[in-house]
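**Student:** Since the structure of chain A is already known, use the hints to place chain B on it.
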Amino acid sequence: MSDVLRLPVVEAHRPGVKANLKTAGKMAALLEKAAVSDDAEPAPVFRA
Amino acid sequence: MKSTASAAEIAQAVKSGETSARAVIAATLGRIEANNGRLGAFTDVTAARAMAQADRVDADVRAGKAGALAGVPFGAKNLFDLRDITTRAGSKVNRDNPPAKTDAHLVAKLEAAGAICVGALNMGEYAYDFTGENAHDGPSRNPHDLNHMSGGSSGGSATAVASGLVPLALCSDTNGSIRIPASFCGLFGLKPTYGRLSRHGTFPFVPSLDHLGPVARSVTDLALSYDAMQGFDEADPAMTKRPMELLAGRLEHGGSGYRVAVADGYFTGEPEAREAVAHVAKALEVARTVTIPDAAVARAAAFLITMSEGGALHLERLRERAADFDPDTRDRLIAGAMLPAAWIDRAQKFRRAYREKVLRLFQDVDAILAPVTPMRAPLIGQKVASVAGIEMPLRPNIGIYTQPISFIGLPVVAVPVWIGEYDLPIGVQIIAPPWREDIAMRIARRLEKSGAASAPVARGFADFE
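If you're matching them up, the sequences are chains A and B in order. Numbering (my numbering) for the first sequence: 32 to 79. Numbering (my numbering) for the second sequence: 158 to 622.
Hints in this document: simulated from the structure, not taken from any laboratory. All clues given are correct.
Sample of chain B residues at the chain A side, in silico, Cβ under 10 Å:
(1) Pro484
(2) Ile491
(3) Ala494
(4) Met495
(5) Ala499
(6) Trp500
(7) Gln505
Under the rule of at most 20 Å between Cα atoms (straight-line distance), these lysine to aspartate or glutamate pairs were calculated in the EDC-like manner:
(8) Lys606/B with Glu166/B
(9) Lys249/B with Glu477/B
(10) Lys64/A with Asp502/B
(11) Lys514/B with Glu63/A
(12) Lys57/A with Asp502/B
(13) Lys514/B with Asp69/A
(14) Lys57/A with Glu548/B
Okay, the calculated beta carbon distance ranges per label pair:
(15) Ala50/A with Asn304/B: 26 to 36 Å
(16) Ala205/B with Ala60/A: 50 to 60 Å
(17) Pro450/B with Pro73/A: 13 to 23 Å
(18) Ala50/A with Arg431/B: 28 to 38 Å
(19) Glu513/B with Lys57/A: 20 to 30 Å
(20) Lys398/B with Pro73/A: 20 to 30 Å
(21) Pro73/A with Met208/B: 42 to 52 Å
(22) Thr446/B with Lys57/A: 20 to 30 Å
(23) Glu42/A with Pro400/B: 55 to 65 Å
(24) Lys439/B with Glu42/A: 49 to 59 Å
(25) Ala60/A with Pro450/B: 16 to 26 Å
Backbone N, C-alpha and C define an ideal beta-carbon position, used for all residues, glycine too.
Here chain A stands alone, though its shape is the one from the complex:
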């Protein structure tokens, strides 16, 4: 993925990046348990 993004991740940075991706994965797992219907509209620009 970093190659596609042209975002080199040097060896020293990889443990930290991996740890953050792991945390993000846990958050995404929680999100995927929530019901979101196929016709739900996203809120890309949010207005209160």
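**Tutor:** Chain B only, in chain A's frame:
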């Protein structure tokens, strides 16, 4: 004026001729000079600019044109543009940028009301922290105990106000960065409704979550500054065109009679936070509870959107200058740049549905109480803490109670409480429906009047007159 003087008291004294803006600013600059080294609050002090503005304010007073904030010194988190100063946003990378040509919109609005900017304030790198620690400028320290965190990312703002260097400071809040420093440093903080105040002239973090607002030591000072900063600005595409809703003269009307409930479930897990909310609920004679649905999922969705939008914002800087970032910030942003679009799309879809569910709660209640932080201010350098009975990384978990609220842009006033044998405060969120800052502010004022919430200048900083 004493370091304990409020913005309202300073403005009154300047307008009445009891003192001058020049004298106020000279004293302020002296306090900063004497104390900033041990506090780490200011990164830039704009002394010449401040004295020039003080002379303009004194001339306005003599001409009978004094503003509501005449002579009131304030600082701005260093992601606000200040003309002739480089907007560093807590980073090393941005220091190579040219100085700002003009002031941020809110800085200009405050100065138009007679306030005087005395400098830029320390913050977490690119606003991506909850601790008040900065790898390049050092930490902003908690004036109530210098070994403890100020909270982030608006740490320098809270440090400056809690130590009495200034009565008022500007902050940003993406996931809690007004409310968390207010909690750790014992201040009142206002995070208005998303879209209420213009963000023009500030360095962004997560545009769909970024808010701006003040911290102060009194609710009246919050109201005075909030009133001065309102008004439509077409330069911020998220801004509302609603008319201004001024509060300073209306705080004493009401405050009781509102239907208030305590958020249960997700928001009750931590003992110190639970005690703080119980203290406020008792003062307000509130027994009712309400469940904010899916708060844990909302926090997760806010977390992912923050990582992704933040990573996207900084992609070019990460490509070119990764070594110049704070390692903790860099690794989160790199990971954020690589998150799957499917997660972010789902988070945004969930966001709309979650908002609808939470807004339905406000059919039956006018305000909801919830903790700001899971704990009082941790020690500077602390990396882990017990959250939900489990040792967890501290930095990302300080915002567990603030993220589900700012995620949908609701207005919040953070109020500081002092309970038990502790010398450190902790904050409680008063959450209101969109555009009803007045409800949260009136309830905060009622708590302040009763003594249940207070924001004193830290001991050791109130006595150096």
